[in-house]
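Take a look at the letters that make up each chain.
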Amino acid sequence: MATTLKSWIESRIKEDEITKYMENGRDFINDEEIWEKIEKNKNPDPSWIREIFQKSLEIETLTPDETAALINVDDPDLIEEMKEVALKVKLKVYDNRIVTFAPLYLGNYCVNNCLYCGFRKDNHVIKRKVLTEEEIRRETEVLAGEIGHKRLIVVYGEHPVMDVEYMARSLEIIYDVKVPVREGYGQIRRANVNAPPLQIDELKILKEVGIGTYQVFQETYHHDTYNKLHPQGTIKGNYQWRLYCMHRALEAGVDDVGIGALFGLYDWRFEVMGLLYHSIELEKKFGIGPHTISFPRLEPAANTPFVQETKYKVSNQDFEKLILVLRLAVPYTGLILTARESKEVRDRVIHYGVTQTDASTKIGIGAYSDRYHEQELERQQFMIGDQRSLDELIRDLAKMGYITSFCTAGYRCGRTGKCIMDLLRTGKEGRLCKLNAILTFKEWLLDFASSETQEIGQMLIKRELQEVKQTMPHVYPKLMEYYRRIENGERDLYF
Amino acid sequence: MEKETCTSEKLVKFLEEIKNRYDTGGIWISEKMGRRWSFYCGIRPILLFPPVSFSLDERFALFCEKPENLKKDIEKIKPKLKELLYEN
Ligand code: SF4
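Keeping their order, the protein sequence lines are chains A and B.
Residue 1 is where the first sequence starts when you use UniProt numbering, and the numbers rise one by one after that.
Residue 1 is where the second sequence starts when you use UniProt numbering, and the numbers rise one by one after that.
Treat the hints as calculated values from the structure; they're not laboratory data.
Quick caveat, the model's predicted, so the values are computed rather than measured.
Just so it is clear, CB atoms sit at the ideal spot from N, CA and C, and this is done for glycine as well.
Watch out, some of these pointers could steer you wrong.
Unchecked claim - So the derived label-pair ranges between C-beta atoms look like this:
#: 1; chain 1: B; residue 1: Lys-76; chain 2: A; residue 2: Leu-91; range: 31 to 39 Å
#: 2; chain 1: A; residue 1: Pro-46; chain 2: B; residue 2: Ile-74; range: 52 to 60 Å
#: 3; chain 1: A; residue 1: Met-459; chain 2: B; residue 2: Glu-75; range: 22 to 30 Å
#: 4; chain 1: A; residue 1: Gln-470; chain 2: B; residue 2: Asp-23; range: 24 to 32 Å
#: 5; chain 1: A; residue 1: Lys-284; chain 2: B; residue 2: Arg-59; range: 43 to 51 Å
#: 6; chain 1: A; residue 1: Glu-32; chain 2: B; residue 2: Arg-59; range: 28 to 36 Å
#: 7; chain 1: A; residue 1: Asn-24; chain 2: B; residue 2: Ser-8; range: 32 to 40 Å
#: 8; chain 1: A; residue 1: Lys-478; chain 2: B; residue 2: Ile-74; range: 15 to 23 Å
To be verified - Covered stretches of chain A (chain B as the covering partner; in silico rule of three or more C-beta atoms under 8 Å from a C-beta of chain B):
#: 9; region: 340–346
#: 10; region: 431–437
#: 11; region: 457–465
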């Protein structure tokens, strides 16, 4: 048992849990090759680009050359076409549903010293805190009982006060909370986890308690930049320990893994290619790609001048393009857009194939139950750009024709991992999504919505029911039976 | 390193037989993980009907889309299923 901070840090990295996955002593990110591909595919022929669009529409992962070609598309007309194709791909795989979630930060202790992060250990202006069991319960009660969230992304720092036992216990507490609400009850049905890279045995522990997606961002895939931003001697200073954490997760039996990059640390084109190579590697080795890809942009953080100084800030125009390219390059994956972005940006890019987003977001430690509304940089990792409540976001999405889904049906019957990947690729999951979105959206309207959102939401449901009647007549009677039962107070009915 | 938890061809073949004999649609085995279920092996959903489950033991359950015909024989089938599961 590691007793001191130093020995705990020294015990974290298991070299054999890195090297076993490497080929000829190299990892799967070849910096020179990525730049070569970006350079080689400049000024791509529009007819080739249209062939690539077709491949994405067949829900096939693109090759690095094809992805590099998309990155190099500059013609405004072709970019407009790309937007249309991105939305079509998304509708084919996920239909018109958007999944919502909230981040829940359990602490801000960290042993690392990432130059761009407000929580780095040498940043003494930060007020450090880790939530107790009682505080975790209170936060969850607000999230599930007052706001109406069913999914969380639970965020942990890399520090012995938030070790794997703490993680497992906190997940048990979160899943235990059940709050009576207007007509039914509020409960978290899926707790995804954003955590440091873990060891295989630790990942098995999280699997046992029913972790949702295990999410770790590489931050930057560029080796030199990574080494500059993550001081050597820290755990995070080890690029490969982080790069191979999804291999360890899949080997441990975790069903769904989420990857991501923090855009603004290095050239966005390189990071998109890195995410693609990561997806291809997981598909090749495990027959299953990332369940989600995240693409947060660097945001201001307390006492962190790096953020102002970086030369790789991603403009809105490039941000839009990188989402389009990711949507087409890895067509089956979920794309997560967060409330770091402003309402204006979110309203625009949601149509480019985004599948998940957060709302009523607070990222200060204990901020949901403390009920403070001001953003305090000393308590949070960065500033958030869109403070819309879940009710407002759902209403805005419904006005745009998107139905908010609280579906966690996959976890109720085991449509997970490779099973769900196949369903996504064949478009079957999209149809199941539609049915479950209607049912869970109805539950939410009854239990949490304001009267204005209920009215707009009900109109959307009417249209959705009509569509199911026409496109899936064989399941329509069952859908209506479940719908009525939900109106009469039953909950958690699913396809 | 395929991420298919179960590699028993015999088990999948037996599930295929059940599917054909009882017209079950998709039929698969899931493993309990805390409060949730994780895909173990079998034939993925086909009909998109709500899945119905039959508990096999504390760890595993059988899910299928059309249980009507299977219901009457499920108790007879369970021992063979469990035998194949734990042989894996
Ligand atoms: S980015 Fe993560 S690991 Fe790095 S200092 Fe911040 S909290 Fe710690």
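Now the hints, each set against the structure:
1. Lys-76/B x Leu-91/A: 31 to 39 Å: Given range 31 to 39 Å: violated, Cβ gap about 44 Å.
2. Pro-46/A x Ile-74/B: 52 to 60 Å: 58 Å, holds
3. Met-459/A x Glu-75/B: 22 to 30 Å: Since the Cβ atoms of Met-459/A and Glu-75/B sit about 48 Å apart, the hinted range of 22 to 30 Å is violated.
4. Gln-470/A x Asp-23/B: 24 to 32 Å: 26 Å, holds
5. Lys-284/A x Arg-59/B: 43 to 51 Å: Given range 43 to 51 Å: violated, Cβ gap about 30 Å.
6. Glu-32/A x Arg-59/B: 28 to 36 Å: 48 Å, violated
7. Asn-24/A x Ser-8/B: 32 to 40 Å: Once the Cβ atoms are compared, 33 Å apart, the range 32 to 40 Å for Ser-8/B and Asn-24/A holds.
8. Lys-478/A x Ile-74/B: 15 to 23 Å: 21 Å, holds
9. 340–346: With 0 residues in contact (Cβ-Cβ under 8 Å with chain B), the coverage given for the region 340–346 of chain A is violated.
10. 431–437: holds (count 3)
11. 457–465: violated (count 0)
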